[in-house]
Structure formats: structure tokens, C-alpha cells
Amino acid sequence: MHKEEYQHMHDVEADHFWFRAKAQFLKIAMTRCRIPLRARILDVGCGTGQTLKNLHTWGYAHAQGIDTSIDAAQWCRTDGLRTQEYQGDALPFPPESFDLIICLDVLEHVSHDHALVSEFARVLAPDGACIAMVPAHPRLWSYHDEAMGHYRRYTRTQMRALFQQAGLHTSATSPLHTALFLPFLIFRALKSHLSSHPQSDTTSLRFLAPLNALLFPLLYLPELIWFRLFGKLPFGNSLLLIARKEKRPQ
1 MHKEEYQHMH DVEADHFWFR AKAQFLKIAM TRCRIPLRAR ILDVGCGTGQ TLKNLHTWGY
61 AHAQGIDTSI DAAQWCRTDG LRTQEYQGDA LPFPPESFDL IICLDVLEHV SHDHALVSEF
121 ARVLAPDGAC IAMVPAHPRL WSYHDEAMGH YRRYTRTQMR ALFQQAGLHT SATSPLHTAL
181 FLPFLIFRAL KSHLSSHPQS DTTSLRFLAP LNALLFPLLY LPELIWFRLF GKLPFGNSLL
241 LIARKEKRPQ
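Here the working numbering is used: the first residue of the sequence shown is 1, the next is one more, and so on.
Treat the hints as calculated values from the structure; they're not laboratory data.
Treat the hints loosely; a few may be bogus.
What the hints assert, rightly or not - DMTMM-like, lysine to aspartate or glutamate: derived pairs with alpha carbons at most 20 angstroms apart:
(1) Lys-247 / Glu-96
(2) Lys-247 / Asp-127
(3) Lys-247 / Asp-105
(4) Lys-232 / Glu-246
(5) Lys-53 / Asp-71
(6) Lys-53 / Asp-15
(7) Lys-53 / Glu-85
(8) Lys-232 / Asp-105
(9) Lys-53 / Asp-105
(10) Lys-53 / Asp-89
(11) Lys-53 / Asp-11
(12) Lys-27 / Glu-223
(13) Lys-27 / Asp-127
(14) Lys-27 / Asp-105
All of these numbers come straight from a predicted model, not from anything done at the bench.
Let the sequences and hints guide you as you build the complete structure.
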């Protein structure tokens, strides 16, 4: 993304209904994984740092981020967040450095996703967990994905195989953003027909921002309650996966 896009994302993430919902999905998933407050957490592809801010608010003091964008990492450091930038496939950490890895809407941007997930397995401690979110359904591929620099959308089977090949056992999966699934299909279809120059995600955020106060409770409160109670949603345009590294042999 361009530098100004990071600035806009930094400005809207805390209040935008979609990001607020994503944060709550993450919090529920962490609760189900029983992640202790003392856990060492790495947010891979941390962007401008909203997830790190959320983690600190929730009481997780040992969270840090990493991103390939110098601009994104700079925004995090400006806000006092522990972050660094990196390049290449290898994460700049020793083996078994973290108890939880968070990777939210990042893997689709990585050409060699299998190499990155293998790095997750390397830097995770035994019995450590990974929580990942990705865009779902390859059939939904559109100009939007191209504009955002996506390499792919994922099926549940593909995600399970990706983590299994790295030695991480999938403990749970669920679709996300059920309430937006039908509007998402309609919007994408109309946009593809009306414009050959897709807007970036942050342009869409600008358009929707005035509706945030209404859309979050209207669209997401029932969905979040269902997810908290049952741990799985019926369908959606994103996919959540929780994987674990094996415990150390006794």
C-alpha cells in the first residue's frame, strides 16, 4: 500500500465496524485457546498496530509486531508499540520465541505462504498456538483482490493442509463475517461491472465510516454472540484457523 493508505488505516481502524468485529473474533478465539496474559505474542503483518493496541488493552503485556512495510512499522513505533520491519521468508527470531502467533489477513499477500507458515512453526514454543484469518472462497476472486495485492483466496482444506505441512495441527476453523456475505457478493458483482479501476480497501473505508455506529451492532452483535457460544459460524467471506504446535515429549 501507499504511505497515505497506511495513514488512513491508522486513523480508522479503531472505530471502523469491520475492524472492530475482527478484533472481537480474535479475542474470542484467544479465550477459547486459553492464552494466558503472560504469553509471548507475535503479530505477523501488524500493519499500523491496532491489533497490538487491542492486545495491550486486553492485558497482554508481552506482545510485539513485525511487518515488511517500513511505513507500517513506523506508525507502530510512533504509538509506542514494540515493532520491527523485516524482509524475506525468515522471521528474525530464535526458535521457540513465542506462545502465540497472530496472522490476520496477511497470508494472502505472501507469495510463498508455505515458507512463512513453516517459520511460524519454528518460532512457536511447544504447545504454542497460531490464529490466522484469510479471505475465503477462491471463486470470489475479483478485481478487489488484485488491487489489494492478493495472491489467492483460501478454502478450509487448503488452510488445513498449509499448516499441517508445517507441522502445526489445526484445532478449529470457522467462516467469519456471515452478515456481510450476501452484501459482499452483490457489491463485488456491481463493482466489477461498473468500474475497471477497483478502489483500495481504505477508499471503501472512507465511504462507510459515517455508518460505523449503526453497522457494528446491527451486523455483528448477533454474529459475535453466536461465535462466542458455539465457536463456529455457518458461512462467510473470511476464514479463521487455529493451529497448535505439538507439546514437548515428556
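message: Hinted pair, alpha-carbon criterion (20 angstroms max): Lys-27, Glu-223. Please report holds or violated.
response: holds (14 angstroms)
Holds or violated: Lys-247 to Asp-127, with C-alpha atoms at most 20 angstroms apart: Since the Cα atoms of Lys-247 and Asp-127 sit roughly 4 angstroms apart, the hinted pair holds (cutoff 20 angstroms).
Hinted pair Lys-232 and Asp-105, Cα distance within 20 angstroms: holds (18 angstroms)
Restraint status (C-alpha distance of Lys-232 to Glu-246 at most 20 angstroms): violated (23 angstroms)
query: Going straight from one Cα to the other, do Lys-53 and Glu-85 come out at no more than 20 angstroms?
result: Given that 20 angstroms is the threshold and the Cα spacing comes to 18 angstroms, the pair holds.
task: Starting from Lys-247, check that the Cα of Asp-105 is at most 20 angstroms away, please.
output: With Cα atoms ~27 angstroms apart, Lys-247 and Asp-105 exceed 20 angstroms; violated.
- prompt: Is it true that the CA of Lys-53 sits at most 20 angstroms from the CA of Asp-71?
  reply: Given pair Lys-53, Asp-71 holds - Cα atoms ~17 angstroms apart, limit 20 angstroms.
- prompt: Under the criterion that the straight-line Cα-Cα distance not exceed 20 angstroms, is the pair Lys-247, Glu-96 satisfied?
  reply: holds (12 angstroms)
- prompt: Would the pair Lys-53 and Asp-11 pass a check requiring their Cα atoms to be no farther apart than 20 angstroms?
  reply: Status holds; Cα separation ~13 angstroms.
- request: Mind checking the alpha carbons of Lys-27 and Asp-127 for me, to see if they're no more than 20 angstroms apart?
  value: holds (19 angstroms)
Given hint Asp-105 paired with Lys-53 - CA-CA distance at most 20 angstroms: holds (17 angstroms)
- prompt: Taken at face value, is the distance from the CA of Asp-105 to the CA of Lys-27 at most 20 angstroms?
  reply: Status holds; Cα separation ~16 angstroms.
Going down the numbered hints, you'll see the structure goes against 3, 4 and 10, while the others check out.
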